[in-house]
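Novice: Sequence:
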Amino acid sequence: MSFPRFQAAFLYLFLLFGSSLVVESAIGVNWGTISFHKLKPTTVVDLLKSNRIQKVKLFEADPSVLKALMGTGIQVMIGIPNEMLASLSSSLLASDLWVRHNLSSYVVKGGADIRYVAVGNEPFLSSYNGEYQSYIMPALLNLQQSLARANLASYVKLVVPCNADAYESSLPSQGAFRPELTQIMTQLVSFLNSNGSPFVVNIYPFLSLYGNSDFPQDYAFFEGTTHAVTDGSNVYYNAFDGNYDTLVSALTKIGYGQMPIVIGEVGWPTDGAMGANLTAARVFNQGLINHVLGNKGTPLRPGTPPVDVYLFSLLDEGAKSVLPGNFERHWGIFSFDGQAKYPLNLGLGNKVLKNAKHVEYLPSRWCIANPFRDLTDVANHIKLACSVADCSTLNYGGSCNGIGAKGNISYAFNSYYQLQMQNEKSCEFDGLGMITFLDPSIGECRFLVGVTDSRSLSSPPSSASGIAWVSLIWFFWTLVL
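With mature numbering (1 follows the signal peptide of the UniProt record, and there is no 0) applied, the sequence shown covers -25 to -1, 1 to 456.
Calculated from the structure, these hints are not laboratory results.
Hints are not guaranteed to be accurate.
Claimed, not checked - The calculated lysine-lysine pairs, modelled on PhoX-like cross-linking and capped at a C-alpha distance of 20 Å, are:
(1) LYS295 - LYS358
(2) LYS329 - LYS24
(3) LYS326 - LYS24
(4) LYS316 - LYS332
(5) LYS295 - LYS15
Said to hold, decoys possible - Label pairs and their computed distance ranges (CB to CB):
(6) GLY377 - GLY232: 45 to 55 Å
(7) ASP405 - HIS76: 44 to 54 Å
(8) SER39 - ALA354: 17 to 27 Å
(9) GLN314 - ASN398: 21 to 31 Å
(10) LYS271 - ALA354: 47 to 57 Å
(11) GLY105 - ARG75: 27 to 37 Å
(12) ARG75 - GLN192: 48 to 58 Å
(13) GLY46 - SER66: 52 to 62 Å
(14) MET45 - GLN233: 34 to 44 Å
(15) ASN265 - PHE347: 24 to 34 Å
(16) SER208 - SER66: 32 to 42 Å
Quick reminder that beta carbons are idealized off the backbone N, C-alpha and C, glycines included.
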């Protein structure tokens, strides 16, 4: 339901000036929710606040998340999934309804501070083969009209997060949009410019390194490189600046060289592939933050860093597709349960990350391979467990890749057991599984314990005393893994 124009004007002033003590920062985070073990939205919002994070990017308009963000002063970018673009592009009514339910319902005094709506996510990705390309401009035009009708267009801006493969060049100064995208990119950027919106791009040096064995590793970071790229009078010492300026050149070629740029996603995974580890993630993210907050800019935009930078991501998402790679579930600066993975200074006032508080875990018990049973025929059980639960850390390059055959079985069993909220029957595996009270984690390989939610089916083991002594046997059994 739209509200009168004078109320909208009041709200706009309130959003801009009503929280004058909050220090605005260029650093934000992506908050994805594709997880088997979801923290309560209020717990995540408290995590954001304790780490002084004032900008958050969402991939969809989840009512429980938006409600938790109301009254916090945290600036929000809401995403519209690509699958919704067709209906929004063909129906103004669908657009009106989306704005009413996902914006007007929350953007009220004391409500959610929604600044951007991300229309699609990387819709021009080359692997989509143009599937969403024809929907973008009609969807934008409909949504802009709906925003105007709801008196929201003056401060809620539409953006389209683009992938870095939308433009190309071997040298930043020669950057250009892919030929098949030149026309629509010109239309898109013209629309963004007319409505006061920035250009949003996702940049991933890790993917350049992961996908190209010849890519110089030190060029992916900010620590200096022996593989600097010389482009005329400009020299590039890191892939981020080179990629960014390639976009600047592409925008310049279509007449918008001064277009503000927001980094919608950037980060480094901590597991699931070679090069994806805690040390590399810390070095990359800290280097990026220092680089951006140092206002160094780039050779083509000296002293002018991106408007905003959204780290990818806040939390691990264990239910994401691993089609791009097993690392896809491990981008978080926090683990799924809100625990900091490594020291990181976001430049927002805290020297290190603060962990989530009051996390409600399931009981401290795990499902492991039964040391008294013949495990010869365990393969189908592992296949079943890992087809449902997350076993990505067991793969080559993962933190659990070297824990041995027995460890692999136990890890798979436990992942499934925790996913099933520790239901005792989920640890049977035809008698090959066993519940233990002793943490079976091995070195850097963490055997997780799930968090509670409304689906909890957990029941106490039928014989706690029996499990206790069997757990001791498990402890000694692991010594021979």
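Novice: Next, verify each hint and record whether it holds.
Specialist: Against the structure, the hints:
no.: 1; hint: LYS295 - LYS358; verdict: 18 Å, holds
no.: 2; hint: LYS329 - LYS24; verdict: 10 Å, holds
no.: 3; hint: LYS326 - LYS24; verdict: 15 Å, holds
no.: 4; hint: LYS316 - LYS332; verdict: 15 Å, holds
no.: 5; hint: LYS295 - LYS15; verdict: 18 Å, holds
no.: 6; hint: GLY377 - GLY232: 45 to 55 Å; verdict: 50 Å, holds
no.: 7; hint: ASP405 - HIS76: 44 to 54 Å; verdict: 47 Å, holds
no.: 8; hint: SER39 - ALA354: 17 to 27 Å; verdict: 39 Å, violated
no.: 9; hint: GLN314 - ASN398: 21 to 31 Å; verdict: 24 Å, holds
no.: 10; hint: LYS271 - ALA354: 47 to 57 Å; verdict: 53 Å, holds
no.: 11; hint: GLY105 - ARG75: 27 to 37 Å; verdict: 31 Å, holds
no.: 12; hint: ARG75 - GLN192: 48 to 58 Å; verdict: 49 Å, holds
no.: 13; hint: GLY46 - SER66: 52 to 62 Å; verdict: 33 Å, violated
no.: 14; hint: MET45 - GLN233: 34 to 44 Å; verdict: 35 Å, holds
no.: 15; hint: ASN265 - PHE347: 24 to 34 Å; verdict: 54 Å, violated
no.: 16; hint: SER208 - SER66: 32 to 42 Å; verdict: 51 Å, violated
When each numbered hint is compared with the structure, violations occur for hints 8, 13, 15, 16.
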